[in-house]
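Position chain B relative to chain A; hints supplied.
Next come the chains, spelled out residue by residue.
There are 2 protein chains.
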Amino acid sequence: MTHDHKGNTLKLKWLGIDTYRENIIFMRSDCDICISEGFTALTRLLISHKGKTIVATLDVVHSDLIAHGQAALSEIAFKRLDAFEGDEITVTHLDPIVSLSDVRAKIYGKKLDDSAFYRIISDINKGYYSDIELSAFISACAGDNLDLDEITGLTKAMVNTGSKLNWNTDKVLDKHCIGGLPGNRTTPIVVSIIAAAGLTIPKTSSRAITSPAGTADTMETITNVNLTIDKLKEVVQKEGGCIAWGGIVNLSPSDDILISVEKALDIDSEGQMIASVLSKKAAAGSTHVVIDMPVGKTAKVRTEKDALKLQYYFTAVGKSLGLNIEVLITDGSQPVGRGIGPSLEAMDIIAVLKNEKDAPKDLKEKAEIIAGAMFELCEASKQGEGVLLAKQILESGKAWDKFHNICLAQGGFMTPVHAQYKMDILASNSGVVKEIDNRRLAKVAKLAGAPKTPSSGIYFCAPIGTKVSENQVLYTVYSEAEGELNYALEYINSSNPIIIIE
Amino acid sequence: MTHDHKGNTLKLKWLGIDTYRENIIFMRSDCDICISEGFTALTRLLISHKGKTIVATLDVVHSDLIAHGQAALSEIAFKRLDAFEGDEITVTHLDPIVSLSDVRAKIYGKKLDDSAFYRIISDINKGYYSDIELSAFISACAGDNLDLDEITGLTKAMVNTGSKLNWNTDKVLDKHCIGGLPGNRTTPIVVSIIAAAGLTIPKTSSRAITSPAGTADTMETITNVNLTIDKLKEVVQKEGGCIAWGGIVNLSPSDDILISVEKALDIDSEGQMIASVLSKKAAAGSTHVVIDMPVGKTAKVRTEKDALKLQYYFTAVGKSLGLNIEVLITDGSQPVGRGIGPSLEAMDIIAVLKNEKDAPKDLKEKAEIIAGAMFELCEASKQGEGVLLAKQILESGKAWDKFHNICLAQGGFMTPVHAQYKMDILASNSGVVKEIDNRRLAKVAKLAGAPKTPSSGIYFCAPIGTKVSENQVLYTVYSEAEGELNYALEYINSSNPIIIIE
Numbered sequence: 001m002t003h004d005h006k007g008n009t010l011k012l013k014w015l016g017i018d019t020y021r022e023n024i025i026f027m028r029s030d031c032d033i034c035i036s037e038g039f040t041a042l043t044r045l046l047i048s049h050k051g052k053t054i055v056a057t058l059d060v061v062h063s064d065l066i067a068h069g070q071a072a073l074s075e076i077a078f079k080r081l082d083a084f085e086g087d088e089i090t091v092t093h094l095d096p097i098v099s100l101s102d103v104r105a106k107i108y109g110k111k112l113d114d115s116a117f118y119r120i121i122s123d124i125n126k127g128y129y130s131d132i133e134l135s136a137f138i139s140a141c142a143g144d145n146l147d148l149d150e151i152t153g154l155t156k157a158m159v160n161t162g163s164k165l166n167w168n169t170d171k172v173l174d175k176h177c178i179g180g181l182p183g184n185r186t187t188p189i190v191v192s193i194i195a196a197a198g199l200t201i202p203k204t205s206s207r208a209i210t211s212p213a214g215t216a217d218t219m220e221t222i223t224n225v226n227l228t229i230d231k232l233k234e235v236v237q238k239e240g241g242c243i244a245w246g247g248i249v250n251l252s253p254s255d256d257i258l259i260s261v262e263k264a265l266d267i268d269s270e271g272q273m274i275a276s277v278l279s280k281k282a283a284a285g286s287t288h289v290v291i292d293m294p295v296g297k298t299a300k301v302r303t304e305k306d307a308l309k310l311q312y313y314f315t316a317v318g319k320s321l322g323l324n325i326e327v328l329i330t331d332g333s334q335p336v337g338r339g340i341g342p343s344l345e346a347m348d349i350i351a352v353l354k355n356e357k358d359a360p361k362d363l364k365e366k367a368e369i370i371a372g373a374m375f376e377l378c379e380a381s382k383q384g385e386g387v388l389l390a391k392q393i394l395e396s397g398k399a400w401d402k403f404h405n406i407c408l409a410q411g412g413f414m415t416p417v418h419a420q421y422k423m424d425i426l427a428s429n430s431g432v433v434k435e436i437d438n439r440r441l442a443k444v445a446k447l448a449g450a451p452k453t454p455s456s457g458i459y460f461c462a463p464i465g466t467k468v469s470e471n472q473v474l475y476t477v478y479s480e481a482e483g484e485l486n487y488a489l490e491y492i493n494s495s496n497p498i499i500i501i502e
Numbered sequence: 001m002t003h004d005h006k007g008n009t010l011k012l013k014w015l016g017i018d019t020y021r022e023n024i025i026f027m028r029s030d031c032d033i034c035i036s037e038g039f040t041a042l043t044r045l046l047i048s049h050k051g052k053t054i055v056a057t058l059d060v061v062h063s064d065l066i067a068h069g070q071a072a073l074s075e076i077a078f079k080r081l082d083a084f085e086g087d088e089i090t091v092t093h094l095d096p097i098v099s100l101s102d103v104r105a106k107i108y109g110k111k112l113d114d115s116a117f118y119r120i121i122s123d124i125n126k127g128y129y130s131d132i133e134l135s136a137f138i139s140a141c142a143g144d145n146l147d148l149d150e151i152t153g154l155t156k157a158m159v160n161t162g163s164k165l166n167w168n169t170d171k172v173l174d175k176h177c178i179g180g181l182p183g184n185r186t187t188p189i190v191v192s193i194i195a196a197a198g199l200t201i202p203k204t205s206s207r208a209i210t211s212p213a214g215t216a217d218t219m220e221t222i223t224n225v226n227l228t229i230d231k232l233k234e235v236v237q238k239e240g241g242c243i244a245w246g247g248i249v250n251l252s253p254s255d256d257i258l259i260s261v262e263k264a265l266d267i268d269s270e271g272q273m274i275a276s277v278l279s280k281k282a283a284a285g286s287t288h289v290v291i292d293m294p295v296g297k298t299a300k301v302r303t304e305k306d307a308l309k310l311q312y313y314f315t316a317v318g319k320s321l322g323l324n325i326e327v328l329i330t331d332g333s334q335p336v337g338r339g340i341g342p343s344l345e346a347m348d349i350i351a352v353l354k355n356e357k358d359a360p361k362d363l364k365e366k367a368e369i370i371a372g373a374m375f376e377l378c379e380a381s382k383q384g385e386g387v388l389l390a391k392q393i394l395e396s397g398k399a400w401d402k403f404h405n406i407c408l409a410q411g412g413f414m415t416p417v418h419a420q421y422k423m424d425i426l427a428s429n430s431g432v433v434k435e436i437d438n439r440r441l442a443k444v445a446k447l448a449g450a451p452k453t454p455s456s457g458i459y460f461c462a463p464i465g466t467k468v469s470e471n472q473v474l475y476t477v478y479s480e481a482e483g484e485l486n487y488a489l490e491y492i493n494s495s496n497p498i499i500i501i502e
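Sequences listed follow chains A and B, in order.
Numbering follows the numbering used here, in which position 116 of the first sequence is assigned residue number 116; successive positions increment by one, without gaps.
Numbering follows the numbering used here, in which position 336 of the second sequence is assigned residue number 336; successive positions increment by one, without gaps.
Chain A with its partners taken away, still in its complex shape (with noise of 0.2 Å):
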C-alpha cells in the first residue's frame, strides 16, 4: 500500500491576497483533497507546478470564494512557482523535516556540529520552515548562544547552499558596517574609491534589518540595485566594482530570510550577524574585508569589551574561511553625515563624490579612513599611506565619475527627492549638543516611513559640540504619509529628549 499522490491536483484561482513572504494556499473546506488527507487549517502542505516546489500554510476557506476543484496562492506562492490563474497545482503532505531536530536540540542548549547547520540551512533555503519555526531557531541562536565553532559551521553552511562567484585576481576588496548608527552610509563613496583606483570590488548590501535604511535601500533611490548575478558581473567586469542588493543575487539565499525574521522580532543575533556577513563576502569571492564597527552607548555595538570580542570572532571565522579581515573600531556616539533614510543618505553621498562645499565632513573622512584601510591591507599602498591615496582620488573627481558610471552601468542614475510632508524640531533649550540618544532617533525615522518610504526619514543637524539657540532647527522628519508624521511626532514627544543640550 503506497501514498498515492497523483490525484491531488487543484486549478488556480487568483484572489490577490498579499501575506508578504508567506506561502499560503486556500482551500475549500469541503474540497475532496482536505477530506481524504486529513489537511485542516494550518497544515503545512507541499505544492508543485511545472517541477518547481513549495511549501505552504493551508488556510481553509469556508465560503464560495474558491469552487471546487479549485485552490487560491498568496501572490509571493504564485510567483515562486511560476504560476497563474487556470494553472494545474499538485497538492500533498509534507514529510516530517528532519533538521526541526537539531533546532529543537540547540533550544536545549545542546551545541550544534557543522552538518547541523547544513542541515537547518538548507531547508531554510528550500523554504521548508514557517515563520514560526525560523523564529524559534533566530531565538535559539541569539545572545551567546552560539561558539565560536558554531558561528564557523553556520557560516559555512551559509556560503555551502548559495551561489559563489569567481574573479580573476587575487585581490578581490569588501567592506562592512556593523550598523546601528544612523545615516554612516559611506559604502557608495568607499566603492567608488577603491573601483577608480582599478581595484575589484563586488559589493553587495542588504536592505535595512532593524535601521532606517541599508545601503540596498540608500542606492535603490539613484540605480537599480536588483542586479542578475550575470549583471553584477558584467558591470564588475567594465567599471571594476558595484553596488547592488545581495538578496538577489543570491549569495546567501537562507541569510535574507533569516533577517525578515529578525527584523519582526527587533533582533539582532550575535553569531547570525557574523555568519550573515562573513558568508556574503566568501560567497562573493572577496579576499581582503574592512569591517567598520562603531562603539557607542546607543549604537550596536555598545562596549569596548564586546567590540573586541566581536573583533577577535570575525577574525577567527574570516580565517577558517580563508579571508583577511581587518576590524575597524569607530566613533558609535552620534550619526555620520545628515541624512537618516534612504533618499535622504543618498543626497549626502552625492555631495560627498560631487565635492560639494557643504557635503558632510564627517562623512567624508569616515569613507577616506575605511578606503585607507583597504588599500594598506591588500598592499595597495605603503602603511600609513592608504588615507592619502583614497583623499587624492575622492577630490580628483575620479571617484564621483566611478560611482557615475557604476550607476549607469547598474542601469541608469536617478536623484533622490524629499517626501512630501515635513516637520521642524526644535531645540527646547539653548546650550551645547551634549549627548545623542542613536536607537531613538533612528527609531523616530523608521516611524515616518523608512525604508519602507525612501524618501522619509530625517535630516540631522545638530552633532555633538553644537551650541544652538532656543527654537534652533536640531533635525526635520520627512514622511510621505501624514499619519506616520504624526505617529513619529507622538512618539518624539512621549518620553526624555533624543537629543540632550546643556
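Hints are computed from structural coordinates only; laboratory data are not their basis.
Warning: the hint list may mix true and false statements.
Which copy is meant is left open, because identical chains are indistinguishable; a pair holds if it fits in one copy or across any two.
[Stated by the list, open to error] List time: in silico DSS-like cross-link candidates among lysine-lysine, alpha-carbon distance up to 27 Å:
#1 LYS111 to LYS305
#2 LYS126 to LYS233
#3 LYS391 to LYS171
#4 LYS434 to LYS361
#5 LYS111 to LYS263
#6 LYS297 to LYS110
#7 LYS11 to LYS305
#8 LYS452 to LYS79
#9 LYS263 to LYS110
#10 LYS13 to LYS110
#11 LYS297 to LYS111
#12 LYS319 to LYS422
#13 LYS309 to LYS110
#14 LYS126 to LYS443
#15 LYS309 to LYS111
#16 LYS391 to LYS305
#17 LYS110 to LYS443
#18 LYS263 to LYS126
From a predicted model like this one, the values you see are computed outputs, not experimental measurements.
Then chain B, alone, in the frame of chain A:
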C-alpha cells in the same frame, strides 16, 4: 497635532477564511487608510468593534475581492470581535508593545523578574503577540533557561492574569500527569473515585500538546467539556467533581495560546510546563495536588535525575503559591491501557469504571495508586491505606455512578465509537516484547489523525513481556481518512521497529 484615530472605519465583508488561531485583516492595497497611515502587508493593527479590541496582521488585497471602504477578517477575528458582515470596525496603529523588550532581554540571556513576566503574560492574554513573537518567547524560555525564581514569576503571572475559583472548603484536590506516555488516561477514573468519596475535585485538563490526546480531547468523545465557569461551579457543587477543558474556563488564558505554538514547534519547555500546570491548579483553587511523573527512555521525562529536578521545582514553586504538592515518579516504559487517541482511550476508561472483565488492569491499578496518594496527601485516609480506599470505591461501582452523573451534569453521555478505517500491524517474528518506543508509537497515532479526528489512533495489545508469534497483531491503527492511514503506515515502515521483540 494629535493622532486622529476617528476616521479609520471600514465595513466588514465575510470571506470565510479560516486561519486557525491567527487574527488577519484583509484590506485593499489602494484603500485610503492603508495609504494615509502607511500600512503595508504584515503590519500589526488594532481593530475595534463595539468595545472589543483585537490585534490583527494585515494581508493586503490587490484584487476586487473586497470593495472600497470594506475590509475582511479571518474567521477567528470575526469571532473574537463578536462581529458580522456589514458591521463597522475601526482600524488604528498598534502602539509599540513594551513587553517585547523583556522578551528580547530573555533571548539575550538576562534573568527576568516578576514584573517582566506579568507584562509579557498580560500582553499575550490580550492577543498582542504575533506567532513569531510567541515562538521567540517560548524558545527563549525553553531548555534550562528559566531558574526557579523565573518559573515562579511566570507561574504567578499566569495565575494573576486569569480568573480564580473559590470553593468553600480547605481541601480541594487535583492531579496532573506530566504526559509523554500514550494512553495513561487515569484522570477521569481518579476524579470519579475522589468525588465518590465526598471530596471536592474541580478538574480542568488541557488538550493534547504534542501527544495524540489530552484528557479534554478524550472526555469530549463522552461528554461536553467546554464548560463556562458558572457551569463548572454548578457541576462541582452538585457532584463534587468535574472533568472540563481548562482553556474555555479561562483559568490561565495565556497558557492555551502558548501551548498552541509549542505544539507547532513540537517542544515542551520545562519552565513553561511547570508554570502551565501549577498556574491552572492555583487558579482552580486547588490545595492538594498529586503529580504523576512517568519516567522512561521514551517518555517525556527520560531519566531519574531529570525527574528529581522536576520534583524539586514542582514542590518549591507550588510552595510559593501555597499548594501542597506530591510528585509520584512512575514507570514510563510503555503505554498504560490499550487505547491511544481520544475515543479509544475513552473506551478503556469506561471499561475500568464499569469493572468490565477485560478492562485494562494496568490502567485500573495506576488510577488506584494516584487516588490513594491523594487521599493520604489531604488526610482523607491514614498513611498506607489510601490505595485500599480507592480500590473499594472503584470496585463497588460508586466511581462509575459518579462518573456517569458528572457526565450528565456536564451535558450528557455519549458512547465513543471506532474509526472507519483500520489496519492491523503484525509481529515480523515470534518472541517476547522487550521494549516499546512510546514517542514513535504516539507519532503513529498522530499521523493517523489523533487528536484532530477523535476516533483515530491505536489499539495496543503487546505490552512488555507479552509472548507473541509471527504475524500476531501487535496493535491496530484506526483512522477516518485513507490518506492518513497510509501516511501512518509509511512512517511505521520507514525505520526501525517501534516494538522490539526478542
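Check: How would you label the pair LYS391, LYS171 (within, between, both, or neither) given a Cα cut-off of 27 Å?
Finding: Only inside one copy: LYS391 and LYS171 sit 21 Å apart there, 83 Å across copies, limit 27 Å.
Item checked: Intra- versus inter-copy proximity for LYS443 and LYS110 (alpha-carbon distance at most 27 Å) -> Answer is between: at 24 Å across copies they meet the 27 Å cutoff, but 36 Å inside does not.
Next item on the list: Can you give me the call for LYS263 and LYS110, within, between, both or neither, at a CA distance of at most 27 Å?
Entry: both (25 Å within a copy, 21 Å between copies)
Check: Is it within a copy, between copies, both, or neither that the alpha carbon of LYS11 lies no farther than 27 Å from that of LYS305?
Finding: neither (59 Å within a copy, 55 Å between copies)
Next item on the list: Since the copies are identical, ignore which copy is meant and state whether LYS452 and LYS79 lie within 27 Å (CA to CA) inside a copy, between copies, both or neither.
Entry: within (21 Å within a copy, 32 Å between copies)
Notebook entry, point to check: With identical chains treated as interchangeable, where does the CA-CA distance between LYS13 and LYS110 reach 27 Å or less: within a copy, between copies, both, or neither?
Noted result: Neither, since 45 Å and 49 Å both go past 27 Å.
Notebook entry, point to check: Taking 27 Å as the upper bound on the Cα-Cα distance, should LYS126 and LYS443 be classified as within, between, both, or neither?
Noted result: Between. Shortest inter-copy distance 25 Å satisfies the 27 Å Cα cut-off; intra-copy 33 Å does not.
Next item on the list: Measure nothing new, just compare the shortest in-copy and cross-copy C-alpha distances for LYS309 and LYS110 to 27 Å and report within, between, both or neither.
Entry: Both. Shortest intra-copy (22 Å) and inter-copy (19 Å) distances satisfy the 27 Å Cα cut-off.
Notebook entry, point to check: Given identical chains, is LYS263 near LYS126, meaning Cα to Cα at most 27 Å, within a copy, between copies, both, or neither?
Noted result: both (20 Å within a copy, 23 Å between copies)
Next item on the list: Can you give me the call for LYS391 and LYS305, within, between, both or neither, at a CA distance of at most 27 Å?
Entry: neither (32 Å within a copy, 66 Å between copies)
Check: Are the CA atoms of LYS111 and LYS263 at most 27 Å apart within a copy, between copies, both, or neither?
Finding: Answer is both; intra-copy 25 Å and inter-copy 23 Å each pass.
Checklist line | Status of LYS422 relative to LYS319 across identical chains (alpha carbons, at most 27 Å) | finding: neither (47 Å within a copy, 59 Å between copies)
Going through the hint list in order, the structure does not satisfy hints 7, 10, 12 and 16.
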